[in-house]
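Colleague: Residues per chain, in single letters:
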Amino acid sequence: MDYITIALAKGRLADLSIDFMSKIGICFDGLNLSRKLIFDVRGSKTRFILAKTSDVPVFVEYGAADLGIVGKDTLLESERDVYEMLDLKFGACKVVVAGPPDFKNGLFGVKRVATKYPNLARDFFKKKGMQVEIIKLTGSVEIAPLVGLSDIIVDIVETGRTLRENGLIILEDICDASARLIVNRASLKMKSERMREIIQKCKEVINGGI
Amino acid sequence: MILLELPEGFRDLLFDEFLKKKYVEDVIRRCFKSWGYNEIKTPLLEFLELFLKKSGVSENNIFKILDKNGKILALRYDITMQIARIVSCNYENLVFPLRVFYVDEVFRYDESQVGKPREITQAGVELIGSSTVEEDAEIIALAITILKEMGISEFKIEIGHVDFLNGLLEQHGLNGLNEIRNLIYRKNFSELENYLSKLNVDEPTKNVFLKIPDLYGDIEIIDKCHEFINNPKSLKALERLENIYRILEGWRMHSFITFDLGIIQNLNYYTGIVFKGLCKHIGYYLLSGGRYNSLLEEFRLKEGAVGFAFDVDALTNIVEINESIEREKEKTLIWVNKRERREDDIFDLAEELRRAGEKVIIYWDKILDKRFVEKNKIVKILEV
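Those protein sequence lines, which keep their order, are chains R and E.
Here the first sequence is numbered in my numbering, starting from 1 and rising by one per residue.
Here the second sequence is numbered in my numbering, starting from 1 and rising by one per residue.
For the record, the hints were derived by calculation from the structure and aren't laboratory data.
Treat the hints with care, as some may be off.
[Claimed, not checked] 25 Å max Cα-Cα, derived PhoX-like pairs, lysine-lysine:
(1) 54(E) - 198(E)
(2) 233(E) - 203(R)
(3) 126(R) - 198(E)
(4) 198(E) - 89(R)
(5) 329(E) - 128(R)
[Said to hold, decoys possible] Not the full set, but computed from the structure, chain R residues with beta-carbon under 10 Å of chain E:
(6) 1
(7) 2
(8) 87
(9) 103
(10) 180
(11) 183
(12) 185
(13) 188
C-beta atoms are modelled at their ideal positions from N, C-alpha and C, and glycine is treated no differently.
Turn these sequences into a full structure, and let the hints guide you.
Modeller: If you want it as structure tokens, here you go:
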């Protein structure tokens with residue numbers, strides 16, 4: 001049996017990914033108890049690595065991990081050459097344009113956009129034919145319009161609570177972004193037996209809603 | 001300011017690393033030659049238009065230079081396209097089938113992949129004036145032979161055929177939709193489903209397309225296709241793949257073959273089989289190639305052609321250094337320590353040893369640095 005490495009994203013998807021993995025029969029404990037970033041699952045020739053969200057597609061593209069679970073938002077931002085095989089349906093959220101209510105009738109006059117997703121945002125505004133300045137932030141994007149750093153933001157929204165609490169509203173949806181199972185191009189073919197087995201189990205969980 | 005930086009995607013190759021790369025190139029050269037291929041060298045610069053022809057390459061990915069007269073020149077982007085030009089220029093003087101090979105750098109500017117190499121060494125072959133299935137099989141066999149020769153064991157060649165998907169797209173009136181190809185390439189089932197739904201494609205057709213990303217694996221996959229494929233173009237493609245497999249089976253090479261009917265090549269000039277080389281633990285392709293009959297048609301030639309190129313740097317990364325590379329570095333040192341002999345004597349001694357095949361350094365200093373001996377892999381010291 002081939003040894004496989006699965007890359008999981010820290011942050012909002014971490015616990016959900018671990019839950020999902022246990023549903024397909026790959027369980028491991030002690031993840032939250034230690035600061036270790038690599039875990040072997042006893043007796044199953046499986047290893048997990050815990051990486052920063054935006055790095056998960058990188059680990060998978062280069063073959064350092066065979067599989068990964070990461071949000072669609074991250075995939076759109078990073079444009080890595082990986083197989084994007086399954087929509088795992090959990091961690092659902094939206095990538096949106098948000099801003100103060102002044103812009104609710106249109107994005108006219110928008111000059112600056114703050115976001116964690118500069119590539120995704122650039123593409124979106126380019127397609128609209130809008131010339132905007134994109135400011136890359138790595139967190140707390142919601143405060144940018146409040147302190148005058150930007151006019152609007154592009155960010156992910158789950159419940160919309162953070163936006164509301166900061167006086168922002170959704171102006172436009174860009175895309176839906178749930179968790180995806182990504183697979184390394186070579187691993188899918190070179191370790192095909194195990195890969196097929198895992199992908200099949202994932203499909204069963206998604207369709208069965210277990 | 002002292003300039004120590006290199007442009008992104010370019011790097012120096014020093015000593016051991018370079019030696020290893022040369023070793024890989026030498027193995028490939030030797031094999032290509034022993035199969036009767038002749039080496040050619042193409043120019044570093046071409047007119048930009050050459051690389052835009054038929055290739056589907058975005059101009060953004062090509063390095064451009066402005067010529068004195070204002071014409072735009074391009075750094076060598078793809079050698080196959082250059083060879084197509086060469087063959088067409090020299091058509092009257094060439095005899096077909098023509099076997100040529102090259103080992104050279106191509107330059108590719110890929111915006112989305114920060115830090116990726118932009119200077120890529122390729123070693124490739126082209127068999128021009130060929131159209132048979134046997135020649136398809138032969139070119140794949142050549143790739144397998146070389147990978148084996150290099151001591152790489154866990155590799156596969158995945159084969160597909162562009163007409164498989166073309167046939168399906170035409171049958172359902174969906175040709176020209178690059179997004180479908182792109183989603184199939186990424187095996188992105190969920191978005192492919194969304195996309196087809198948006199196009200109002202009927203349910204049975206949708207189900208056919210949703211099967212394609214899953215059509216990879218052993219020869220059985222071809223049988224599986226026969227269950228639901230009924231257009232002549234796709235069927236012909238399947239037949240071709242099956243025939244290639246049967247031939248390779250006869251040559252005892254089928255264990256290295258895997259199929260993927262969703263393979264898409266970055267370059268658009270392929271018209272028949274397409275294939276790529278994969279290796280365990282490596283995320284990128286070791287080689288890539290296929291049949292490209294229409295590229296030559298672009299130059300008004302009616303010849304079929306098939307070829308592939310190795311990514312030499314990818315191979316260099318995974319090849320194990322072998323003993324002969326290590327031995328090649330060993331040197332003899334003539335250490336002029338005692339000053340018993342005259343300079344011309346010492347020089348003659350060095351020349352004598354060099355003629356006998358040794359690598360000789362004359363060291364003119366009384367103090368011999370240990371690090372110098374180590375770094376230069378000195379295995380014999382003659383004190384004179």
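Colleague: Kindly indicate which numbered hints from before are broken by the structure, ordering the numbers from low to high.
Modeller: The structure conflicts with hints 1, 2, 5, 6, 9, although it agrees with all the remaining ones.
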